[in-house]
Amino acid sequence: MSSERVELLQGTLDLIILRALSTMGPQHAYGLAARLAQVSDHPLSLNQGTLYPALVRLEQKGWIKGAWGKTETNREAKFYALTKAGEKALTKEAEKWRRLAGLVDKLLLES
Amino acid sequence: MASLRRFLQRIVSAVRHDRAEDDLAREVESHLALLEEQFRNDGMTPDAARLAARRAFGGVEQAKELQRDARAFRWIADLRQDLTYGARSFARSPGFTTAAIVTLALGIGAATTIFGALYSIGLRPLPYADPDRIVRVFEYLPPREAGGAPRRGHPFAPSQLDAVRRASTLSHIGLEIPRLMLMRAGETPARVTGSRMSAAIFPLIGAQPILGRGLQEEDEQKDSDNAVVISHALWQQQFAGREDAIGATLTLDDRPHTIVGVMPAGFQFPPGSSGDIWTPLVPAGTAPTFRLSFYARLRDGVPLAAAQQEIAAIYDAVRSTNPSNRPRLEMVPAKDVLIEPFKPAITVLAVAVILVLLIACVNVANLVLARSIVRQYEMSLRSALGASRARLFRQHLAEGVLLAMLSGAGGMIITLISMSWMRTFGNAGPRRDMLPGLNIPRAAEIHVDATIAGFAIAISLVAGLAFGVIAGARQPALLTPGLRREGRRWPLFGARGIQHALVIAEVAMAVVLFIGSALMVRSFIHLATIDTGFTARERMTFQVTLPPTRTPAEVARFGEELVARIESMPSARAAAYAESLPMVPVGRLALLSATPSFPKPDFAAPPRLDVRIVSHRYVEVMGIRIVEGRSLRETDGAGRPRALLINEALRRERFGGTSAVGQRLFVGGGPTFDPPGRTGPLEPWEIVGVVADVRQRSVIDPAIPQIFMDQRQVPGPTGSSALNLVVHLEGDGTALLSSLRSMVAQMDPQSFIDNVAPLENLVSNSYARPRLYAQLLAAYAAVAIGLVAVGIYGVIAFGVVQRTKEIGIRMALGARRQQVRALVVRDSALVTAIGLIIGIGGAAWSSRLFEGLLFGITPLDRTTYAAVAAAFAGIAVVAAFIPARRASAVDPVAALRAE
Chain A
809 MSSERVELLQ
819 GTLDLIILRA
829 LSTMGPQHAY
839 GLAARLAQVS
849 DHPLSLNQGT
859 LYPALVRLEQ
869 KGWIKGAWGK
879 TETNREAKFY
889 ALTKAGEKAL
899 TKEAEKWRRL
909 AGLVDKLLLE
919 S
Chain U
3 MASLRRFLQR
13 IVSAVRHDRA
23 EDDLAREVES
33 HLALLEEQFR
43 NDGMTPDAAR
53 LAARRAFGGV
63 EQAKELQRDA
73 RAFRWIADLR
83 QDLTYGARSF
93 ARSPGFTTAA
103 IVTLALGIGA
113 ATTIFGALYS
123 IGLRPLPYAD
133 PDRIVRVFEY
143 LPPREAGGAP
153 RRGHPFAPSQ
163 LDAVRRASTL
173 SHIGLEIPRL
183 MLMRAGETPA
193 RVTGSRMSAA
203 IFPLIGAQPI
213 LGRGLQEEDE
223 QKDSDNAVVI
233 SHALWQQQFA
243 GREDAIGATL
253 TLDDRPHTIV
263 GVMPAGFQFP
273 PGSSGDIWTP
283 LVPAGTAPTF
293 RLSFYARLRD
303 GVPLAAAQQE
313 IAAIYDAVRS
323 TNPSNRPRLE
333 MVPAKDVLIE
343 PFKPAITVLA
353 VAVILVLLIA
363 CVNVANLVLA
373 RSIVRQYEMS
383 LRSALGASRA
393 RLFRQHLAEG
403 VLLAMLSGAG
413 GMIITLISMS
423 WMRTFGNAGP
433 RRDMLPGLNI
443 PRAAEIHVDA
453 TIAGFAIAIS
463 LVAGLAFGVI
473 AGARQPALLT
483 PGLRREGRRW
493 PLFGARGIQH
503 ALVIAEVAMA
513 VVLFIGSALM
523 VRSFIHLATI
533 DTGFTARERM
543 TFQVTLPPTR
553 TPAEVARFGE
563 ELVARIESMP
573 SARAAAYAES
583 LPMVPVGRLA
593 LLSATPSFPK
603 PDFAAPPRLD
613 VRIVSHRYVE
623 VMGIRIVEGR
633 SLRETDGAGR
643 PRALLINEAL
653 RRERFGGTSA
663 VGQRLFVGGG
673 PTFDPPGRTG
683 PLEPWEIVGV
693 VADVRQRSVI
703 DPAIPQIFMD
713 QRQVPGPTGS
723 SALNLVVHLE
733 GDGTALLSSL
743 RSMVAQMDPQ
753 SFIDNVAPLE
763 NLVSNSYARP
773 RLYAQLLAAY
783 AAVAIGLVAV
793 GIYGVIAFGV
803 VQRTKEIGIR
813 MALGARRQQV
823 RALVVRDSAL
833 VTAIGLIIGI
843 GGAAWSSRLF
853 EGLLFGITPL
863 DRTTYAAVAA
873 AFAGIAVVAA
883 FIPARRASAV
893 DPVAALRAE
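The listed protein sequences correspond, in order, to chains A and U.
Numbering-wise (the numbering used here), the first sequence opens with residue 809 and increments by one.
Numbering-wise (the numbering used here), the second sequence opens with residue 3 and increments by one.
Isolated chain U (complex conformation):
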């Protein structure tokens, strides 16, 4: 008890140093005064009394020193002193301090930002109760192309989920389907996103509304899904946080919905999303027949593997498979799914930031080393005055840590700025509702927490201690000789060897980084210049949403009229509409057959067909080339013979590349092509033309077989009352855009326009991630190259200063200025060459990290390697140029006289 108390007191005293010191001084003074008084009372003269008091007391400073040792931990006081001294010494050399702190702050900031972002997306627990027990299940189907990635799918249709619900290893299961609805409130309608989901999701994730109730099973029993739970944000926006929101009506997709609950601020489901509405998944009528994503909670104590095994058995039972022909099933924690899109890049980004950090550290280490050589004299002096070697070493450590902590603070500022940027732009993109864009999951949650701050502090501390060791390690041996040589002469003792080794390491790391970034940038350029098969220039796109009650024929009629009106305007050359646009990763799948009967779908060889429901001028407006036959025509309308366009990929696959025009095909799959009320045999479609392949889902995915059909000829409902318009503009199209809204409102007051964006933006959005990676790596490489250039310059320039005398002697003995210059450049060329060779080796060795990240370029691309080598040769010469000139300008007489 007493010793613990004392231990704590000793720490407190060290911190409250000044107060304890004052108290002690006062006490000793009063003690001396009392002694003196005593001696005077004994009859001494005042002077004698004072001396006697001193004698009786003993050494005042010694006593104080002993008391200090007993009072506080000595090392804390020493540390204070070291830090104060270090701070003063940094203040004396502001150039060194600024350079070191800025450099290191860049490194720490870059590393912390990337770590923080990856942590926020993939490692921080989801904001649910016991989140590690929440899992998802996927099946992996064979890839479409040989060598492609396996395709992930959902293993169960809703009707099969009852079997899963009975699984003994799972306590809850719930379905979720993303939902996009039109909300009419006040003047302007707005799109709101959210989910249709099982009521079971609420207990599954342990979510509690702050007002009203969550979705309940009774909501699922009704025949309409008119109950809705809303987000805190929507509640604030529409109801200003009033409690009477519960029971109020919200018009979604032109149907009244009753608000039953309000979720707390920050609530999200599915994980990482930012939806505002949650409606029940009503089984009757509206429930989809396709397979769905579901969430499950493991029963307490059940390991993941056991649950996965049970799910596989259930899969075999409901899908009539067995372990030998069952596709791979995988149960994963819900959290792990979010980081997946970034997986190929994680290692590359992590390696890149570590390299930036290391390069920054090496640069600072070189600065510290140079400074320690310059400070030789000061250290010798302190040693001569009685500082122990350990004490001097500790001084270096304290300074290193102080430097790194200041840099860490700077790095934290960089991190905070870049994180706020990520929060703002993580979700950005002209078509948030449909495009992945950057779409960083949980972007809103990216912030600095204790873990991320701890990471920054830890790397700062390690770096700081390393600097301390570097600066302090070579001190002791040199102390006395350093003092004996007068003034500023410093012994070399291999310091330049260490500096050179550091620069070589730095060059090697920068080469690896530079090659990596050059590959990424070239791959990005490849993507940006890829021929998509259509023309994006001068094309404006927008989306018109009609009330869901409109029939397909009405939607088509509306579309035709809108196109006609737009085309009548001078700022539009042509216009078309389509069910969905390119670069939007949604599409319609269908089955194709030469006969009216369709084979049963086989998941081992899934159909590869993309269906585009368009208006007749779509192909022309998009600038898609027709390679055979004709395009769709105005006359291919309702009731006319069914006309079909196919692409070259389909012609190759089905007709071996020979002419396909005139061939007939049956299109099936779902109510769109085979409406439930149909009587008589299925009607065929006649191929009237073949169009060039286009990149449809993204610029990265190569074309797959595709068919185009006129919306007016589609027999069944398409399930959507939204049209995507594309307009080939004449000029900048401002006039068109300004009158668009009123034109559409005039045609149908209940219609709604949004997602206005140039087609070019949609295209560039589809490679937003590769672009981000290329930008990040290019930025890192730029920082690294800057640091390396400064690093080489610093070491070479420092070497020139050190060798001034030697250069003076050489010149006095007849060396020409050119030879002196060559001497200096050779130094720089040598370290760069060695670093370059190591770096190229390292880059080649790490090339497999780029798997899945590069398009149109191999990771061992020779041109890139050669260009990087040439660039570094240039850097070596440029970095050595100024020191070389300075060296050749040395005046031999002055140099020899100076020392």
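Chain A extracted, bound-state conformation:
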């Protein structure tokens, strides 16, 4: 039961990161976390460190690629960019998500 929830959460976070990178272009972990806090209702509900497992997972899948670079304030940071495979995956995952969300919505409305 609990493992399914983690699975869903994981997938969601992956999708959010992919989407964020797709709209904002290459971002470092802090930038992503800030973006997440911005769109989320509870800015402190997410520890920024929890992004790291998702990032390494996506990178190993070949969907994003990390490279060291400089921020506007001239600090070094690792910037993640969406790869070609990542773009395709985003379309597919988003579609999957929409279908799932639609199904859940429908079920919730019925009851």
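Keep in mind that the hints were calculated from the coordinates and are not lab data.
Glycine residues also receive a C-beta, built at the ideal position from the N, C-alpha and C atoms.
Take these hints with a grain of salt, some might be off.
Examples of chain A residues lying across from chain U (beta carbon under 7 Å, computed) [to be verified]:
| hint | residue |
| --- | --- |
| 1 | 870 |
| 2 | 880 |
| 3 | 885 |
| 4 | 886 |
| 5 | 887 |
Using the hints provided, position chain U relative to the given structure of chain A.
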């Protein structure tokens, strides 16, 4: 795709741990710095900003840990850690580590060497195209003696092979006859070995020369066999690898031969041989009439059984037999023939090395067990600090495997050394050309390949996991109590029971091994001290080869003169020559009859007669006893009445043991005794004396009926222009040997001397294999006994240390030192006695493995069993002696105060 990619990445990341860690640390640091910057820009003080950044990020270590889990497979990282920890822990106890690794390396090395050697000889595919389709055919004739082994022969004469050639199940057939030739190149002539063989052998085995061509059918159509294909080694040696070797002339047996091809390095034919020349088998004139070994290739898709059936039908057709009276025919893969000489010993050797390996494992298991008891405290501590039981168990497994892998590496070194020894000595022996000696087939091919390395790794891994289980199995129940008791006190919980059981098993296995090796050694001693019927001491032998163009009379004249010249030297007492010497498994067969006509040979009752063509003083020089009549004399020369010596076995067989002197016999069979140009009736031979039986072909084979005749009286050609000389030396014979070559060269510049060896070497060479087996088993038994002694000592000594307190109490209550000593020795005696009984039972049960390996001793020999039992009783006492003394030296006050 993406998940596979990730799977691989996770493995890679685990291996490239450090780099990923650095990267992660850097990234997290930069993240925190960015956060901190943000908060400072929002107006916080630097300190507050740092704290806020930490808060926003969450636990740094937790985040890293989660990232690590996602990044790499956790178990790989754990394994790394376990192994690092294990290595450190081994480094801390070098005594234990060295003992365990050396012990186990011996076991693994012994097992891998034997497996590797047997694999190289008998299992590794032959270096030919599609080698499993190459077969040979043998017939098995009834044994000479009741209860003897069936004799293997070749089923077809060359003239009958045309029928075999038409067999629909075979795609090629080819004949092969071993060949020994004299090569004259430069100053010193040399003997080269090789084969006369059918041109069809080349396509049969799929052999391709690297230069020139192989033998072809046109070579067989000529009336002389002057085409020759040479080995890579001979090409390098004689022509330094030059291409103009093709077409060049090589003088073999004093006839020019034209080199038509050069084979690649490592090419061998027949399988397992190391020949240098291959000449065609020319049918006309020189082709032999006797039955020959042939090779065949099965047609694609034809099963062995079908081909064998067809061959049997062909056999019936050409030999006029039918399935009821046909001797047993067998078609076997060519590869399987090579391992045959070792077959009786394979099981014994395999069992012996497995026992050595198991004993080594048991010893190490005992060490591991003792160590795990000592490490109780450490394990309890780790458990209390949060290590799970599974984690601790895994730690034990990792350490076990690490230990076994280190031992495996040591074992591999032992294997490499022993294999290089086998390559060097496998072919050694003073008369390589004629004697089997050790003569390990494919000895040059014995090396470690992936299969053999895999074998070593597999046994190491199994042993390592077993150690891990032994050490880890009894851990969990004891964890907390182990910590609560302070310091070095350990609970017993039956650990000593396990140790004792292991030692009993070890003793039992060592007893089996020891009895086996004692039997083999005693059998070997029996062989080495057997009365051969002749005197080998002070006898030097050598071979003189004359050009093949010499007539038999010329050869005999040369021999007589050489003997006379040698005998005139002060360092020789007497000399003689013979067609072949004892202990050389070649001989001449002939037929014997009381009338000039000979019955047709019958393969169901084959003739048993060994013919020795010698010089007249041969019997004397060899120290063979004359039991009746006289020896051959100087006067029994050409043109004189034919004189014959027979041995006691023949007298028994033909004359019922009564006097045979004066009887006449006809000797027939082949052109030697019945030359093609003979006119008039066959002449009889008169028996002038009877000599004692001698072991002729080897010390193992008992004497068979034998006749001796003077070379000067042999009517036809002997087919050989080589003479074997035997000299009874006066002193060490150095003077003789140094002048021998010049003397022979002076008599005939084209003659050639080699195979100089004391007769004693020929005798000992004939039991080279039994000696090797005895040496191997004795070495294994010695290792096993050493291990067992150490094993008993270790367990008893450990028990004494564990029981120091108990012993202290006993002594405080009035036990005398002698009683304490007896207590300890009793422990040792008990485990040894139980092990001994089991071991003797095991040895008796496995005694049938020794069938065909023991000479002059039965596998259930009581003396051997009793001696082994006594030896183990001694070992038990000796192994317990030091611990017993230590126990009796315990100071009760100190012992009680210590804990």
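Hint-by-hint comparison with the structure:
1. 870: Interface hint status for residue 870 (chain A): holds (5 Å vs cutoff 7 Å).
2. 880: violated, 11 Å
3. 885: holds, 5 Å
4. 886: holds, 5 Å
5. 887: violated, 11 Å
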